[in-house]
Every structure is written in C-alpha cells, then in structure tokens.
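S.K.: So the sequences go chain by chain: A and B. To convert, note that position 84 of the first sequence is 73 in the numbering used here; the numbers rise steadily by one, no gaps. To convert, note that position 338 of the second sequence is 327 in the numbering used here; the numbers rise steadily by one, no gaps.
Treat each hint with caution, since some may be false.
With a straight-line cut-off of 27 angstroms between C-alpha atoms, the simulated BS3-like cross-links for lysine-lysine are [claimed, not checked]:
1. A:K(-1) <-> B:K22
2. A:K22 <-> B:K100
3. B:K100 <-> B:K118
4. A:K(-2) <-> A:K106
5. B:K22 <-> A:K103
6. B:K207 <-> A:K207
7. A:K88 <-> B:K207
8. B:K103 <-> A:K(-2)
9. A:K209 <-> B:K316
Covered stretches of chain B (chain A as the covering partner; in silico rule of three or more C-beta atoms under 8 angstroms from a C-beta of chain A) [what the hints assert, rightly or not]:
10. -1 to 8
11. 191 to 202
12. 295 to 308
FYI, nobody ran anything at the bench for these hints, they're computed from the structure. For glycine and all other residues, C-beta sits at the position ideal for the given N, C-alpha and C.
2 protein chains.
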Amino acid sequence: MELVSKQIKKHNFSAGPAILPASVINEAANAAKDFNGMGLSILEISHRSPEFVQVLDEAVSSTRELLNLNDDYEVLFLTGGASSQFFMTAMNLLPQDGKAAYINTGTWSSKAIKEAKYFGSIEELASSKDQNFSYIPKGYPIADDLNYLHLTSNNTIYGTQYHDWPTTPVPLVCDMSSDIFCRPIDIHKFGLIYAGAQKNLGPAGTTLVIVRKDMLGKVKRNIPTMLDYQTHINKNSSFNTPPVYPIYVCMLTMRWLRANGGLEAMEKKNEEKAALLYGEIDANPLFKGVANTEDRSLMNVTFVMNDNTLESEFLEVCSAEGCVGVKGHRSVGGFRASIYNAMPIESVQVLVDVMKDFAERKG
Amino acid sequence: MELVSKQIKKHNFSAGPAILPASVINEAANAAKDFNGMGLSILEISHRSPEFVQVLDEAVSSTRELLNLNDDYEVLFLTGGASSQFFMTAMNLLPQDGKAAYINTGTWSSKAIKEAKYFGSIEELASSKDQNFSYIPKGYPIADDLNYLHLTSNNTIYGTQYHDWPTTPVPLVCDMSSDIFCRPIDIHKFGLIYAGAQKNLGPAGTTLVIVRKDMLGKVKRNIPTMLDYQTHINKNSSFNTPPVYPIYVCMLTMRWLRANGGLEAMEKKNEEKAALLYGEIDANPLFKGVANTEDRSLMNVTFVMNDNTLESEFLEVCSAEGCVGVKGHRSVGGFRASIYNAMPIESVQVLVDVMKDFAERKG
C-alpha cells in the first residue's frame, strides 16, 4: 500500500515569473541555506563581500559572452522591473528637444509610450492595435533625426515576436523582458536593451540593462542619482545594495545557458518546441492560434478554442496532467503556454498529448 | 578519526545584508525548492497566484500588527532600496514651493538631503558633521510651516541612534533602514517611514514604505507612474511584478517577530545584547566606544582600539572564533558589530569572550 500520494510532476507554462532550470533551482535553494561553504546563507552576506562581487562579475561577463558584447556596451543589473525602464530610457536618452519613435505592439509598448512622453516628443510610428495586437507592424519609414526607435521584441500577452528587426538609420531601444537570450541577436542594431529578469533570466527582482556608451551624456535635465544610468555604470551596479539573491539566480541561469550551448543552441531548442506546439494547434480541430502566423512568438504560444464552452473543461484536464499556468490573459482569452528557455520539450509534449487526447474524446 | 573537518558556527555581525533568523533561512531555502507543496519553487510562480498574493497580504498585515497601524497608513513593498526613497519622498511629498528640513546624522542623511534638493527648498536644520557624526543633534527649533522633518533613525556607519524623537509641529519622515522593528515606536509622529529590507527585515531587494494618506496628493509635478506612491497604493504593491522572493523572506521574518513577542520583546532583547557588548567595551582596557554614550545604537556597535596596531590581530582572532563582519567602516575605522534583531545573545557573548580573552593575553 502506498501511504504517501505521489506528487505529479508540474509542467510550468506560466508567463512570468516563470520556469527556471531544475539545476538552477536546486543550486539556488542550497545557496539560500549555505552559500559556497561559507557557513552563511547568501541572503545574509554583504553585497561588498568578495563572494558576492564574484557573482555579480560573473553575471556581467556571462551577459557579455552570450551576446558578444564589446567594450562599447555597459551591462547593469538594476531594480524596478521593466516598468521603471519605460521612463528611465527616455529620461536618460532623450534630450528635452529630442524625438523618439515607438512601435506599439501591445500593453507593454503602450505603457512605454505613456511614460516616455514625460521627457520629450514621442511619435507612435506604427501600431497593431487595430487587430488586438495580433501582428507585428512592418514597412514603416523611419526618420533619421530620431534619437531612437523603441520596440518591444516579444509580446507576452498577445503571443507575437519580431523575427526580423526593422532596417533603421537610428539605434533601437528594445524591451526584451520576455525573450532575452531565446536566440542570438545582432547587437549592433541596439543602443539599449532592457529586460525584467522574471521570464528567461531569473526570478523577479532585478532588471538587466545593456547600454551602448554613445547613447548617454546627451541630456541636460537633472536626474536623481539612482535614476541615472551613469551612476550604476560608475559603481558596477553596486552604488546602493543590489538585489543580491535575484542577481545570483540570474548568474546561475546564465551559467546553465552557457553550459547548454549558448544562444544558438537555445534558438534551435526553442524552435523545436514552438514547432511542436504550433503544429498541434494548427492540426487539432478544436484549437486555433491567435497571433499572425509569421509573427508567432517562440516564447508565448496563444491559442483559443473554436467552441469556447469547452475551455474550462480543457483547463481542468491540463491541471490534472500537471500543466499549470495555461490560462490565457484576459485581453486575449483562451490559452497561453509560455515555453521559455528552461521549458523542456518533454513538457511541451505532455501538453500536446493532452490536446490530442482531448480532441479525440470530443471529436 | 574524523574525516570531515567540523565547520565553525558563524556569528554574523555584518552591517547589511545581515543576519536573519535561522528558522527563516531554513524555510526560505525550502520554499526555493518547493513552495507550500505546490511542486514549484517560489522563484517560478506568478506574482498573481493566490499563493503569492497571500504572502504579500501577510507581509502587509504583519507590518500593520507590529506597528499598530490604523487605516490612516498605507504599507508598500517597493524596490530600489532606501536610496530611491531619498528622492521619492521629496518627489511625492514636497510641493515645488514647499519646504522641508533635514537633520544630518551621517552618510545616509547627507545623501537624502542631496536628492531631496531636486524637488524643493531643503534646510539642513542640524548636523553632527562637526564631530564625525558621533552624536545625535538635539534642541533645535522646528518651524511649523515645514512640509516635513526628515530623520535617519539609526546610523549604521557611525553607530548612533535616536532614543527620543524631537517634539515637532510637523510630520516626521524617517529612514529606518537599519533599525525598523528593533523597538516599538509612536507611529503618530510619523508621516512616512521607509526601510531597505536588508538589515532587520529580510534580504536585499525590497523596501518597506509606510505612508500616512494625508501626506499625499499635495504636489502638482508630473511623476512617472512607477515613482508615484499612489500607483502602488492603488495596486497593493503589484502594479508591476514585485520582488517575490525578497518580500516572501520579509514576510517570514515578520512571522518570526510576531511569534517571538513582537517589538516589546525585541526591544528588551536588543537592550540586553547592547548592554552586554557596550559593557565590555567600557570595561576592557584595550577598547573604547565611538558614539556619544547617550546616542549609542542598539543595532550597530562601533568601537576602536586604544592601540590601533593591534587591530588586525584582533580581527584574526574574531575570525578564528567565527565572528564575521566585525571590521569597521572606513569612515570610522576600528570595529563595528551589528547586532540586529536576529542576532542571538549567545553570539554577542562569544564576541565579548573574544575581547576579554584578547585583553588578558595583551594585558
């Protein structure tokens, strides 16, 4: 007789905070008890200790290695989430008489536009709002007198993603919160990249900012010390006490990324997972995809049911099979399966099997 | 034959990030592996999940219980550390034509003054800079037309602490980063209290802000959404993804505080620990205290040697006995033993014994 009920393995499809590699979670949990054999938890050591300085240094050097950054770029680990970068980018990069353009591909782009308007002239150059953000606008002309063009590379809610960057005479500023490190990128196009950690990078509580030095020093406004990128550059992200544990877990995740073939290998794996899941959505008579096919996200797969009265029953079946976080965002409805870097293809297969089985039973 | 060398128990006297209760560290490490039997790490669950909403609710209600807050006060868990509060307080509370006074008791007060000056007229009403911040100024007149008076309740670097609040006709705004929850306070004097978590409250990565509602709504300047207290009040600290794990560990620490008698019991324990250590400093011929006796901090005990050529040897002995984090800040020199809430008196006794023994050997 089995006295203890066996826990079902969970397949975590949450949009964020999101799945992290199992080995990262194990090591992070151990460090919370005793870090590096110090006899102390990483939660209670000084951010100036050699042990944490080494963590931060590795997080920065791993970012540099993964994205092939040269010395033109600075790497920062800040707080406040991507939501703080919505205003900090404009505050730091856009002169009072400057002009920036934004492409509106959803909720996060809209928020970025709203916050940037406090600091200069902002033009919404293109938008996919007309079709509930189900596609990525293309083919708009880009003026060469802009300080920058702002994009949101992946849209968690709507399940769209840029697969080609626009050809642009001005630097891109890009919110990559939900797809950083999912594939190699041509860094030279980017003046600044920011990413809240809690999807592909680590747990909630820190934000990666990569900035090309020539983007800075162009604004004359007074900026509080903590909001000035230069402050954090000068002090290696330790002007004030950085979020030690979130940065540590990001460092572990990047160590895992490097040990698993880096961004080329990630892209290949992500494409296989996405092909498997989108393939099932397209083949299964009960489901259909939400995003424009050519703009489909490798990270957030959005889909609905042709007969939406079956939705709650499908969610129950998912849950019974250990697939959690599959419910869609209220702005889109239906389902969203987030299949970030750390998601194994075996878990995607479980979801696909649930979909197949459900269709057979209902067919 | 003992094959594995026994690890010395560490006595963590670090100034911050700092010692946390052993039970909190254990539970936090377990939750990083599997939270509440969910089969998921707390690092990878949604901040909108019922499980985390409950954590945040308990963190807020515990703060309310510990400080006897009524509905006039709002409780927020933000990011950016106390350093971001240096400007956010003035940005949110001080009208363009307003006036605030600051008492300068050290490095952190000086930074608060610098950042506040971006937003209004700031008067440095009193300062202890003339004696390297070794005392708390007293007896200054406070005008009744100020928007607020800003204090730093405890000065980690210099080892001073307010033991009586000034009698004031205006609300106090107070940085309590290094002594929040070390003792009961008369909350009615305070319009706003802020505290970076990484001393008495939890790990680095979140900042507690307690604000009386009538302090808000008085400024007309444009404030970016993320910097406006009202944003976070309206969304229960979840306007954006909050720092899940740091808040969770704060919640655990407050649960521990409540289970151990709350702030009255903490004060008694802190007074006993401080009396033991200051008693030894005063009695031991090798050492002397740095701070003015009546302003001595219950949290950060600063002391130097009469013969400073013995300092490095003393630090080696400390280290050999497992006492870590005892080196003083470079602005003061000598030693600093931080004895926050989570520090057991047994660890203070170990340090005292080391001091006694060292004096006997050198005497």
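S.K.: Would you mind marking each hint as holding or not holding in the structure?
M.R.: Status of the hints after comparison with the structure:
| no. | hint | in the structure |
| --- | --- | --- |
| 1 | A:K(-1) <-> B:K22 | 13 angstroms, holds |
| 2 | A:K22 <-> B:K100 | 34 angstroms, violated |
| 3 | B:K100 <-> B:K118 | 13 angstroms, holds |
| 4 | A:K(-2) <-> A:K106 | 46 angstroms, violated |
| 5 | B:K22 <-> A:K103 | 39 angstroms, violated |
| 6 | B:K207 <-> A:K207 | 32 angstroms, violated |
| 7 | A:K88 <-> B:K207 | 31 angstroms, violated |
| 8 | B:K103 <-> A:K(-2) | 53 angstroms, violated |
| 9 | A:K209 <-> B:K316 | 41 angstroms, violated |
| 10 | -1 to 8 | holds (count 8) |
| 11 | 191 to 202 | holds (count 5) |
| 12 | 295 to 308 | violated (count 0) |
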